[in-house]
Amino acid sequence: MSEQFEPVIVGFLCNWCSYRAADLAGTARIKYAPNMRSIRVMCSGRVDPQFVLKALRQGADGVLIAGCHPGECHYVNGNIKAIRRFILLKKMLRQLGVEEQRIQLVWASASEGIILASKVDEMTEQIRALGPLNWNKTVLGSGNGHHDEIAEPMVEEVLNV
Amino acid sequence: MSEKPKLAMYWSASCGGCEISVLNIHEHILTVDEVFDIAFFPCIADFKVKDVEGYPDGYIDVCLFNGAIRNSEGEEMAHLLRKKSKFMVAYGSCAYEGCIPALSNLTSKEATFNTVYFDNPSIDNPNHILPQEVTQMPEGELTLPAFWHTVKALDQVIDVDYYLPGCPPEPPQIWAVLQVIVGALLEGKPLPPKGSMVGHTGVAVCEECPLEKSEKTITRFYRPYEIVPEPGICLLEQGIVCNGPATVGGCGALCPQVGMGCRGCYGPLPGVEDQGGKMLSAIASVIGAGEAGMEEHEIEQQIEDVVATLADPAGTFYRFSMAHSLLQRAKINGNGKGE
Amino acid sequence: MKYGFYPGCSLEKNAYAYNQSTMAVTKAFDIEFVEVEDWNCCGATEYIAIDLLPAYALISRNLAIAAKQQSEQLVAACSACFLNLKKADHYMGESHKLNEKINKALAAGGFNYEPGSVKVRHLLDIIYNDVGIEAIQEKIIKPLYQLKVAPYYGCLVPRPAKMGSFDSNEYPTSMDEIMRALGATVVDFPLKAACCGGHMTQISEDVALDMMRRILKNATDNRADLIVTLCPMCQFNLDAYQESVNKKFGTKYNLPILYFTQMIGLALGMSEQELGIGKELVSAKAALTNISEEPPPKPKRVRRSKEALPLPVLEEV
Amino acid sequence: MSKEKVGVYVCHCGTNIAGTVDVSDVATWAGENNDNVAVARDYKFMCSSLGQELIEEDIKEQGLTRVVVAACSPHMHEKTFRGACERAGLNSYLFEMANIREHDSWATTNKEAATQKAKALVNAAVDRVVQQSPLEPIPVDINPNTLIVGGGIAGITAALELADAGNHVILVEREPSIGGHMAQLDKTFPTLDCSACILTPKMFDAGNHDNITLLSYSEVESVDGYIGNFTVNIRKKAKSVDEELCTGCGICEEKCPIRVVDDVFEAGLGYRKVCYRPFPQAVPKFPVIDRENCTYFRTGKCRLCETSCPTNAIKFDQEDETLQLTVGNIILATGYDLFDARRIPQYGFGRYENIFSSLEFERMVNAAGPTSGKIVLRDGVTTPESVAIVHCVGSRDKNYNEYCSKVCCMYSLKFAHLVHERLPDAECYNFYIDMRTPGKGYEEFYHRLLEEGTHFIRGRVANVTDAALNDNEVNKLIVQAEDTLIGTQRRIPVDMVILSSGVESRHDAKEVTQLFKMGCDFDGFFIERHPKLDPIATMTEGIFIAGACQGPKDIPDSVAQGAAAAARVAGLIQRGTVMMEPVRAHIDQEKCSGCRICNNMCPYNAIVFHEDRNVSEVVTALCQGCGTCVAACPSGIISGAHFTNDQVFSEIEGILWDVSPEKVLA
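Protein chains in written order, with numbering that gives the first Met the number 0: chain A, 0 to 160; chain B, 0 to 338; chain C, 0 to 316; chain D, 0 to 665.
For the record, the hints were derived by calculation from the structure and aren't laboratory data. For glycine and all other residues, C-beta sits at the position ideal for the given N, C-alpha and C. Misleading hints may appear alongside valid ones.
Said to hold, decoys possible - Keeping only pairs whose Cα atoms sit at most 30 Å apart, straight-line, the calculated DSSO-like set for lysine-lysine is:
{"no.": "1", "chain 1": "D", "residue 1": "475", "chain 2": "C", "residue 2": "246"}
{"no.": "2", "chain 1": "C", "residue 1": "299", "chain 2": "D", "residue 2": "300"}
{"no.": "3", "chain 1": "C", "residue 1": "1", "chain 2": "C", "residue 2": "141"}
{"no.": "4", "chain 1": "A", "residue 1": "30", "chain 2": "D", "residue 2": "43"}
{"no.": "5", "chain 1": "D", "residue 1": "373", "chain 2": "C", "residue 2": "305"}
{"no.": "6", "chain 1": "D", "residue 1": "439", "chain 2": "D", "residue 2": "405"}
Unchecked claim - Take a look, some chain A residues computed to stay more than 12 Å from chain D by CB distance:
{"no.": "7", "residue": "89"}
{"no.": "8", "residue": "99"}
{"no.": "9", "residue": "124"}
With the hints as constraints, model all of the structure from the sequences given.
As structure tokens, then:
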């Protein structure tokens, strides 16, 4: 493999639309970035924000949530719950310094393999540009952080107030 | 006398409320005094660290450790007391899960210093003096503890036997726990399994909360000063963020009863990994915006509008559990720093 | 409301009446126009027919200036100007190459233009969408009751579809609605969006005259007192060549061609002079006498024979 | 947790997987790197009987407690392998599948990355399966009654199929009579047999079948429950006629003094009385009183129908009633709406009286229609000398509907034929974009029309106007179009224009989908379970679709789908019970604090709150297992069987084996 950074994206795919979309993408031999690793849930409404946080903590560079289009949810409106949580979660993750592009939501119906595939490609590139997240190393890894090089510049900032 | 079990209580990064709470168990404090010898209790008795260092290992029977680990001193003391104690109890929210001090994990050590020593209306620091770990003085070298970048819970630096949640723990709970320990020490009664959380109901605060609850649909959020809550009705339904549903009970739901949404100080329910994530999920789920059948951007817009009325989600949902949350702290060079 | 304004050559000269009435009316609705400083020709149609690049460069110079003047929206009253400005912006946005070339050209004059930074809109769009029917109705002093008008849109404002239009490409109705609001009676006018012949007069007059005849005939057949338009070129063609049409085809059309802004002005109680009425060649005097104090009587139901089949109902716009 | 013995089987799927993923490497790796793995093999075709036996033997001989197969999508072979586990005595919910074909080997050419991803997916499956616990499918009894919504040809066919097979059917129709659009037609393409002649008998059977309860002039108000056990509320609108007493003699209709334009059955071309039956052969035979227009209901006077009724069947005081029924399955056959040509103003429908919609024309040529089959202009007398038929009105047009309505070409050809047949001297022009005649005998019919001398002009019509350019256009409607075959603009002056409007989903399709808790696409057509392999079922168990509500269809297609839906339902009824996935939510009654966050999460109202005990509970029978409440529960005490938090958390840890902290620090 090339030396470039290969992001690892955890994808939560709903059983009825997006998981099948991914199946279709494969069956249609659509080639897309191998960086997304799928986890099947019955509905995007099952995606507990804890799952996203867990994935980030465990070292994922990004998380993709995929479901049926609003109005087409197999469970009527589970995806509406999903988007409500997603929007609030994104707002909170912004506070925690997680870049927007690292968690994304996409609607892909069972017939939209191409949409899912291109979303994965797009997201992979965006995250590649951002670089690794690797929470445990870069964020917590520097132990108690008394030498937290990242934050150093801020000291000067502070000092030449 | 010297046969009495030894009790220690140490104060790391915390407000001191926990000490007060121990003294606040009313007449029972006398029993405590009867039962225990105080081995170390900076708040109420004059002991020095070297006294503790002098004790043989395991000399202290029960150490109630309160406060989060904020700096090198806290960590040293934690290790020292662990060595000298049979039972290490993470006493109160700070020691258990970081509590208010851990909110500074949302920003950097430097930003914290900036607020504390410079950028603050009540500060006058013309020479921009920052505390240094080492300062040379004519009299010699002065040292200060190193200030950690990340606030940690007690069990993130040492091994903890029991957890007693609450900010501070409520007297009845404290007494209940002390009784168990006393029972064990004096009458050899069985102790709860190591690592268990004691002094709580195991069910969310709502169970203890008398307010009337019904199906929830939130169309906007209010900060406490923005609204006078309808008495007798679930605050969450009125748009006031109340962490009760995601917080383990034991406090008697004191806050909601006086119109203040539960802050969440008793922490998540047993088995829940991330209190903030859970509360966020619950609250977002009942946002009354976005319906199947609407245009996709329309749905997003509607929800965005409601979410916009919820200030500082991280601070709200992780007010007490930041250090124990899945992400534990903010990423400093990320885009959203210090929002 | 504040907009950039591009008058274009016609409004300076033959369509001065349009200019006058536009200013009078927009003022009444406190619309503020910031004229594009030192604007130049829009390239009309000939130039574009000859060499696209310079044509677009020429046009986009105006856009560049407008952008410089911080006009996010640029209003043109002349359909040709409107279309050309819009086209230039659209194609620059579409083609990276064109954009480069044009900006290179602009740079020579010390300009540059970022496609999309100025939104080009037609005056009718502004009156219909930004001012709105209600606001117009509120200001009406002298309704145009019983005046039968044929609203004529010409071909440039509604089309082409791909650039997006504020009204139907084939059968626009915005001006109809405004006229109804003014109290006038709008006659059915199937050719409302047909071509007036435009510059065909310069190429083959016969063809052009026949195109005009269609329109005049259609309006006359539908008993219009006058045609209302929004384009100097349409106005000029139908007005100035009406006589030639009559000569060529032995017809007797006598249809005044006025601007929709003039009609609005009248309804707002402005004088004919300040609206430039009277400048038209086919005088509107006679036609305008049809305006009455009284709203038109309810059209009585035409008795249909008992064999007649029911008609599909058109919900009133 | 005690160590499990997991068997991992990595499938080559010929070269489908092995071509991209180093399967043996994955297998060995799994065996060495995950403590819970007892057996790890790779095999050519796991789904083959030999592959399955491999699993069965290992379970028996090695005492495997869990099984993971890394192969294709679970939607492909999960059932297969679960079967294998069951046969070997291992609960099938202790099996997990890793999708390394569709989601991996087929999606990339990068072998290294594919293999890495495969390891992640396998590892995740292993970590997950360890957390899984044995479950038993939930048997559900099927109520043998079936609800069919919509009494068009699709609904009627389905109803008769089921009824004849001895099952009870409730057939609900919004209008006073069943028959649907087919009843409005005269001839049917391409065979030209008379629509009424073939439909009426079926309508009669449906109306008089012992096994069919026909509820006309009724609408479904609410639907609750799940496959096998739906509870539906149906509102019977007041007909103001006592069906017990009414003989359907029709005197009331004769006597009724008020007539109004009939927008439904006569498509606006004719009139009907206010006390009316849509058409003589209506089923049921009972008339209804249209209260909006009835003089008695407006002024309290008239009562002519009442006084003239020989059996005193007119009941002005009759009220709407709501019936509650329980059924096991539901077939939706709600049909379509015709595109309203007024939406294309340049075609002049409504402005020029001699422009007709296709349904208007259908009624006109219908012997029982307003003109008794005479083709005349709007004045009702003049016969047109020339007729233009405009195809694709509102279809294949991005401004309206992008899709092809499928039936317009054929019925337009039929129209042309009827014009020739009834007005031999009239000229007939068909303006089409493409001639679409895919069907038995359809292309032949087109050729027949070519023979009959129809003028076919290939070009989308720009506009229809009465603005004459020359004398032979005077007093005509001029149809303007570009003839793309000869590449010129053409203006055809005609007396009559027929707009072949396309087929649209019902205006209220969206509400219907929400009522029945199923999906419809952006055009409003109901979504089938699979566009090719299952166009009859929907994503909601127990709800099937038939006819044009799923997409534009002609009569034979609708009939076929109606019968197919019936067959599917009959199959379920015969089975008596269905096994449902035990993927269900459960609330720990001890730990529920009664915060009621979950109460309005469930789209199936499966969560009930017990005031007395102050706890919420999931009604397992109603739960469909989506897990929305599980995710919502702030106390984390709602568990979703087979998708528990622990299971997903383990899966996350497993899937991130190569980057997760433990391994990184280790």
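* To do: If any of the earlier hints don't hold here, list their numbers in rising order.
  => As far as the earlier hints go, not one is violated by this structure.
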